[in-house]
Amino acid sequence: MKTADLNLLEQKIAEAIEYIACNMESSCRAALEKAREGEENPTARFALDVMCDNADIAAKNGFPVCQDTGMAVVFLYVGRELILDGDIYKAVNDGVRRGYKMLRKSVLDPVTRVNTGDNTPAVIHTQIVEGEKIRVEIMLKGFGSENMSKVYMLNPAQGLEEAKRLIIDSVAVAGSNPCPPVIVGVGLGGTLEKACELSKHALFRKLGSSNPDPELDNLEKYLLGEINKLGVGAQGFGGNTTALGVFIEKYPTHISSLPVAVNMLCHCSRATSFEI
Amino acid sequence: MERKITLPLDKEVAKSLRTGETVLISGDMLVFRDAGHKRLFESIKAGKPDINYEGETIYFMGPCPAMPGQVMGSCGPTTSGRMDKYTPYMFDTGLAAQIGKGKRSNDCVQAIVRNGGVYFAAIGGAGATYSSCVTKVEELCYSDLGTEAIRRITVKDFPAIVAIDSLGNNIYER
Numbered sequence: 005m006k007t008a009d010l011n012l013l014e015q016k017i018a019e020a021i022e023y024i025a026c027n028m029e030s031s032c033r034a035a036l037e038k039a040r041e042g043e044e045n046p047t048a049r050f051a052l053d054v055m056c057d058n059a060d061i062a063a064k065n066g067f068p069v070c071q072d073t074g075m076a077v078v079f080l081y082v083g084r085e086l087i088l089d090g091d092i093y094k095a096v097n098d099g100v101r102r103g104y105k106m107l108r109k110s111v112l113d114p115v116t117r118v119n120t121g122d123n124t125p126a127v128i129h130t131q132i133v134e135g136e137k138i139r140v141e142i143m144l145k146g147f148g149s150e151n152m153s154k155v156y157m158l159n160p161a162q163g164l165e166e167a168k169r170l171i172i173d174s175v176a177v178a179g180s181n182p183c184p185p186v187i188v189g190v191g192l193g194g195t196l197e198k199a200c201e202l203s204k205h206a207l208f209r210k211l212g213s214s215n216p217d218p219e220l221d222n223l224e225k226y227l228l229g230e231i232n233k234l235g236v237g238a239q240g241f242g243g244n245t246t247a248l249g250v251f252i253e254k255y256p257t258h259i260s261s262l263p264v265a266v267n268m269l270c271h272c273s274r275a276t277s278f279e280i
Numbered sequence: 266m267e268r269k270i271t272l273p274l275d276k277e278v279a280k281s282l283r284t285g286e287t288v289l290i291s292g293d294m295l296v297f298r299d300a301g302h303k304r305l306f307e308s309i310k311a312g313k314p315d316i317n318y319e320g321e322t323i324y325f326m327g328p329c330p331a332m333p334g335q336v337m338g339s340c341g342p343t344t345s346g347r348m349d350k351y352t353p354y355m356f357d358t359g360l361a362a363q364i365g366k367g368k369r370s371n372d373c374v375q376a377i378v379r380n381g382g383v384y385f386a387a388i389g390g391a392g393a394t395y396s397s398c399v400t401k402v403e404e405l406c407y408s409d410l411g412t413e414a415i416r417r418i419t420v421k422d423f424p425a426i427v428a429i430d431s432l433g434n435n436i437y438e439r
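As given, the protein sequences belong to chains A and B, one line each in that order.
Heads up: the first sequence begins at 5 in my numbering, then just goes up one per residue.
Heads up: the second sequence begins at 266 in my numbering, then just goes up one per residue.
Pulled out of the complex, with its shape left as it was, chain A reads as follows:
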């Protein structure tokens, strides 16, 4: 049996936060470049030019891409053969505290609105998996996009057709607020909170990758096509680049329901994963 190195976990989390705050996720940067090349609306094109330049300025100088360095969302996959001699959640939050030292502290008490002062706590999801490693997926989630999230508890008669309509509609209603072009995460099934978790986790997928489930892959392609016909465009200025990608995850649900959660990511995805 191996003992988990929680000091290393803390250090790697701090380093990951410092890095991703200043370096737009690479598949997202590539997708923005492609969008800029294909955009004919001059105002949207101007916005895409600024977004691309901004990503480069940030990476070159080590400045945060966006001032909203978000709330840290962490998915932990903990190998069941590991011995946890300490508090893994404390290690994660200590890493978050260190990583955010030079970043904006946006986390506060929802009732008193008093800032916690160090951007902790992170939102942590944990799963026990095979093996003796800890795998970490971490995202700095901005709230211009988070505020545009939707969840619907559909009945089975409404089905996928209504789900599709509502997913497209949620992007239309969000309009300029989530800093489009957006990445759309969708959770289908489970319970209320499971659908939400799936929609968040879906946002870790790389742009340009295919869904391994052929039905979901088709659904993603259909939704992306329809969303890009909405005309919201970059920053809501119009044009054909409303979304860079749609990612769907599913989970079995109850005979009475079809939960649908939509979680959006702005055009600057800041996420990474590592293993220790």
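These are computed hints drawn from the structure, not numbers from a lab.
Treat each hint with caution, since some may be false.
[Claimed, not checked] Over the 12 Å line for every Cβ pair with chain B, so calculated as not near, a few chain A residues: (1) 5; (2) 10; (3) 16; (4) 18; (5) 31; (6) 48; (7) 79; (8) 84; (9) 109; (10) 139; (11) 164; (12) 165; (13) 168; (14) 170; (15) 218; (16) 219.
[Claimed, not checked] Think about it this way: if two alpha-carbon atoms lie no more than 27 Å apart in a straight line, the pair counts; the simulated DSSO-like pairs of lysine-lysine are: (17) B:310 x B:350; (18) A:64 x A:16; (19) B:350 x A:109; (20) A:109 x B:276; (21) A:198 x A:168; (22) A:16 x A:154; (23) B:401 x A:105; (24) A:94 x A:16; (25) B:350 x A:154; (26) A:109 x B:401; (27) B:276 x B:401; (28) B:421 x A:64; (29) A:64 x B:401; (30) A:210 x A:137.
Even glycine gets a Cβ: it sits at the ideal position worked out from N, Cα and C.
Guided by the hints, dock chain B onto chain A, whose structure is given.
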């Protein structure tokens, strides 16, 4: 081609701006967002406004801490819609312009029209770009709010789009 404009915004210049125009803004602006507005309105209600915003331009933004070599940390716009409830009163009492990102309520559009104001959209997410436009920062009040304190900043060639003009043209309603 970008049109260069300076702050404080001249009334005639404000009226000549048209939705969709790209501008590069230079000069002084006030900076604050949700909590700053809430507290300012408490002071207005109490009859003693904590700042005077007549003729000013407000940028909805809460910056990152400055890194070594930066005057101000990353500082792109935040979603303006959350400040909609404060906006008509501010234009009616002398505010010249606002800068933020995203659509506004009809009440805001009407207030802009009635007062010859303007709403500029900055590019959301472009925090590093906007940081490089800031040449001076001064904290005015509410320092306990951290990133949400009220500041005055001086900018040079700050890129933005005219989103709502004094005729009520609205880039988000096409």
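The hints, checked one at a time:
{"no.": "1", "hint": "5", "verdict": "holds (42 Å)"}
{"no.": "2", "hint": "10", "verdict": "holds (27 Å)"}
{"no.": "3", "hint": "16", "verdict": "holds (22 Å)"}
{"no.": "4", "hint": "18", "verdict": "holds (16 Å)"}
{"no.": "5", "hint": "31", "verdict": "holds (16 Å)"}
{"no.": "6", "hint": "48", "verdict": "violated (10 Å)"}
{"no.": "7", "hint": "79", "verdict": "holds (23 Å)"}
{"no.": "8", "hint": "84", "verdict": "holds (39 Å)"}
{"no.": "9", "hint": "109", "verdict": "violated (6 Å)"}
{"no.": "10", "hint": "139", "verdict": "holds (28 Å)"}
{"no.": "11", "hint": "164", "verdict": "holds (30 Å)"}
{"no.": "12", "hint": "165", "verdict": "holds (28 Å)"}
{"no.": "13", "hint": "168", "verdict": "holds (24 Å)"}
{"no.": "14", "hint": "170", "verdict": "holds (20 Å)"}
{"no.": "15", "hint": "218", "verdict": "holds (33 Å)"}
{"no.": "16", "hint": "219", "verdict": "holds (33 Å)"}
{"no.": "17", "hint": "B:310 x B:350", "verdict": "holds (15 Å)"}
{"no.": "18", "hint": "A:64 x A:16", "verdict": "holds (22 Å)"}
{"no.": "19", "hint": "B:350 x A:109", "verdict": "holds (25 Å)"}
{"no.": "20", "hint": "A:109 x B:276", "verdict": "violated (37 Å)"}
{"no.": "21", "hint": "A:198 x A:168", "verdict": "holds (19 Å)"}
{"no.": "22", "hint": "A:16 x A:154", "verdict": "violated (32 Å)"}
{"no.": "23", "hint": "B:401 x A:105", "verdict": "holds (23 Å)"}
{"no.": "24", "hint": "A:94 x A:16", "verdict": "holds (14 Å)"}
{"no.": "25", "hint": "B:350 x A:154", "verdict": "holds (23 Å)"}
{"no.": "26", "hint": "A:109 x B:401", "verdict": "holds (22 Å)"}
{"no.": "27", "hint": "B:276 x B:401", "verdict": "holds (25 Å)"}
{"no.": "28", "hint": "B:421 x A:64", "verdict": "holds (21 Å)"}
{"no.": "29", "hint": "A:64 x B:401", "verdict": "holds (22 Å)"}
{"no.": "30", "hint": "A:210 x A:137", "verdict": "holds (23 Å)"}
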